[in-house]
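> Residues per chain are reported as follows:
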Amino acid sequence: MIAVGLKSWLDSSIKSWDTFWFTPRLPHALAVLRIATGLMLLYSHLVLATDLMSFLGDDAWINNETSRGLHDGAFGFSDWGRTYLWYISNPLLLWMHHGLTILVTACFAAGLLTRITAPAAWFLQVVLLHRLTGTLFGLDQIVTYSAMYLMLSPCGSWISVDAWLRDRLGARLQTDRSLAWLFPEATPSVAANVATRLLQLHLCVIYFFGGLAKARGTSWWDGTAIWYSAGNFEYQSWDLTWISKFPRIASALAHLTLFWEVSYIALVWPRLTRPIVLATAVAVHAGIALFLGMMTFGAMMIAANLVFVNPNWLLRSIGRPMPDDDIDDVNEVDKTLLSAEAIDAADDDDEWEDDLTLDDDAGKSSLGMGSSILTDSDIQIDKPVAGQTDAQRAVALEALQAKLRNAARHLRKKQTKLSDRETKYRERVRRLKEREAQIKELVDRHRESKKKTDES
Amino acid sequence: MTLPRPIPLSPRLRFFLSALLIGHLLAVIAPPLSFQTRGPLGQSPVVATVLAPVEGYSQAMYMDRGYAFFAPDPGPSHLIQAAITSKDGSRVETMFPDLDEQWPRLLYHRHFMLSEYLTEVYFPPGPPRELAKVDPIDAENWVRARARYEHVRQSIVGHLQRRYPGQDVAIRRVEHLIPDLVAFQQSPVALDDPRFYQVMLDVPVGTSSDGTGRGEDLIAPSRPPESVPPPPGAEQEATDAKPQPSLTDGAGLSMSRNSTESFRLALRVPR
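If you're matching them up, the sequences are chains A and B in order.
Using this note's numbering, the first residue of the first sequence is number 23, and each one after it goes up by one.
Using this note's numbering, the first residue of the second sequence is number 17, and each one after it goes up by one.
Fair warning: there could be bad hints in the mix.
As the list claims (entries may be wrong) - Partner residues are not named here, just some residues of chain A that face chain B (Cβ under 7 Å, in silico):
1) F97
2) W249
3) I324
Claimed, not checked - List of simulated lysine to any residue pairs, SDA-like, C-alpha gap at most 25 Å:
4) K267/A x I38/B
5) K149/B x A96/A
6) K149/B x F99/A
7) K267/A x L29/B
8) K439/A x A459/A
9) K37/A x A199/B
10) K37/A x P88/B
Claimed, not checked - Pulled from the structure, derived: some chain B residues nowhere near chain A, Cβ distances all over 10 Å:
11) R30
12) L33
13) V44
14) L57
15) T101
16) R121
17) D151
18) P152
19) R160
20) I194
21) P204
22) R211
23) L217
Because the hints were derived from the structure by calculation, they are not lab data.
The C-beta atom is built at its ideal place from N, Cα and C for all residues, glycine as well.
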């Protein structure tokens with residue numbers, strides 16, 4: 023018995039794992055994130071270029087030798103962070119390398135040859151990070167992780183130069199597999215899903231441990247953390263010291279931040295709480311961006327939260343739903359209807375058995391097809407029964423009236439339910455018809471395309 | 017769009033991909049977990065075991081982060097003050113970061129992180145001779161940690177010397193305290209009031225500062241102290257480099273001080 027239960031649980035877990043990771047997903051949200059990540063990386067590289075020799079080379083704030091020593095164990099602390107930039111002292115070479123980094127990153131942001139430029143942009147960023155030890159902060163983390171996961175996906179398949187080139191290439195893509203890989207179509211793929219899931223989970227880890235770290239302090243609990251953030255002159259961009267006059271607001275913000283960070287990992291998944299969690303993310307990061315002088319970090323964190331936005335919703339919200347978008351909806355409707363039907367059926371059974379069945383003394387009547395609420399014995403009440411007084415008869419009649427009223431109430435309830443179900447079915451039929459028309463259109467288009475290809 | 021069912025994959029491919037995903041997720045989770053589970057006795061043994069196989073990968077991918085933003089408590093800033101002295105004796109003092117000098121904001125923030133990093137890697141001169149007798153490994157690690165700080169400091173000084181050729185350069189670490197909330201409510205004061213800036217002297221732990229900054233009985237003698245005089249109003253605080261929970265000056269100005277410095281020092285002793 024236990025073994026069977028265990029096997030069932032294991033099978034169910036494996037199925038859930040497969041569904042979570044290996045279900046195809048549209049790449050559109052990732053495409054938007056690619057633009058945000060690419061532009062942020064580009065901006066970061068351009069800003070670095072304004073004072074490049076202060077950060078790279080032998081004369082930098084942290085020179086090559088020291089930077090290498092911080093990683094290779096020279097000072098007793100060794101890690102696997104490695105970069106060839108430790109060995110480049112020539113300013114011309116460093117400038118050429120940085121120029122290449124900027125070029126590749128610009129291509130990544132624009133979605134040009136994204137299959138190549140995405141991993142290249144990520145690699146150049148990581149190489150740079152291991153050289154820039156001591157000057158990094160949260161922005162560098164989130165922008166690097168975004169690039170890392172985006173390179174796994176066809177993030178250049180939408181709003182990109184690649185998408186434009188794909189349209190131009192047309193039929194060649196059907197014969198050349200390399201080209202088809204290089205310029206992927208914006209269709210659902212497992213790669214897009216894996217990238218999305220990885221970034222989603224990474225964000226959850228960031229927030230969860232960020233929250234736990236805060237929970238170790240006292241100021242996030244006594245509510246003074248917001249003041250000590252606002253009162254930090256070096257972080258300040260807009261004067262937020264007025265918040266000292268509103269300790270209730272300040273402490274509420276501190277508590278909200280703490281609880282939101284710790285609970286993000288759980289509440290961002292259910293559809294019910296996801297909008298609230300994401301809206302809070304936007305508010306918190308916008309606050310950091312506006313008041314704590316980290317516009318780049320705040321903006322990038324908001325962009326990263328995009329990964330929790332359903333691509334379908336994104337497309338619908340900009341008025342460009344996918345042609346087969348409704349197919350998904352139909353499936354959703356199917357699921358909803360099936361579950362609703364199951365619930366209705368269960369309710370119905372209960373009702374038939376518990377609610378609509380009259381008492382034993384009224385017989386075993388039900389409201390099933392062809393049945394009647396009233397039994398012969400009920401009807402007989404109207405007729406005088408031997409030995410029954412008028413008073414007894416009146417009581418029996420009142421009891422019958424109460425039963426009838428009760429039954430009528432249940433009938434009305436049932437009618438409303440049936441009416442709702444009819445509406446749902448009508449909606450389902452409408453969507454199924456639309457789906458049929460779309461499929462037909464797709465088949466026609468495919469036939470025409472094939473015909474043209476054959477002719478050419 | 018999310019299709020209702022996963023695509024069929026061969027069991028072997030599914031297993032391979034799943035193993036990769038689990039390994040990567042472990043590398044994502046283990047570093048911040050390790051960061052949170054460190055104590056005076058070192059790392060949690062079980063977390064250290066979990067971290068070990070993925071630590072290198074995590075470091076190479078720049079995922080070995082703790083994500084402790086503004087945590088455990090938002091604390092004071094740590095700045096670098098540099099004094100550039102010409103041969104004629106005239107001296108210019110600059111503070112890093114400086115919004116007027118570093119623009120755009122991201123460049124300023126990189127300088128800000130650099131000044132924070134110098135304090136993060138700070139390790140006092142030492143170790144005391146007794147530690148070398150009791151725990152030679154700790155003493156050796158102390159020497160290395162101190163060497164790391166001195167290399168970073170010297171690299172910063174070297175950069176400034178090349179920026180200002182032919183001039184003497186000296187730097188010191190300055191802590192910019194945050195006014196206490198209650199005191200600020202009672203009497204608002206500018207956040208950049210000079211009284212909030214406190215020089216962090218480089219003195220050995222457990223030895224009194226005699227003005228030279230040199231410990232009396234150390235394995236590795238410290239270098240000459242960072243000899244830039246503190247700004248007006250900071251002299252009083254500068255005489256004591258030991259972390260204190262709060263300081264109150266004669267004018268009733270209360271300054272909160274985060275306990276992260278003592279926490280950091282405790283953590284910094286490698287075992």
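> Which numbered conditions among the earlier hints are violated in the structure presented, ordered from lowest to highest?
Numbers 3, 4, 7, 8, 9, 10, 11, 12, 13, 16, 19, 20, 21, in rising order.
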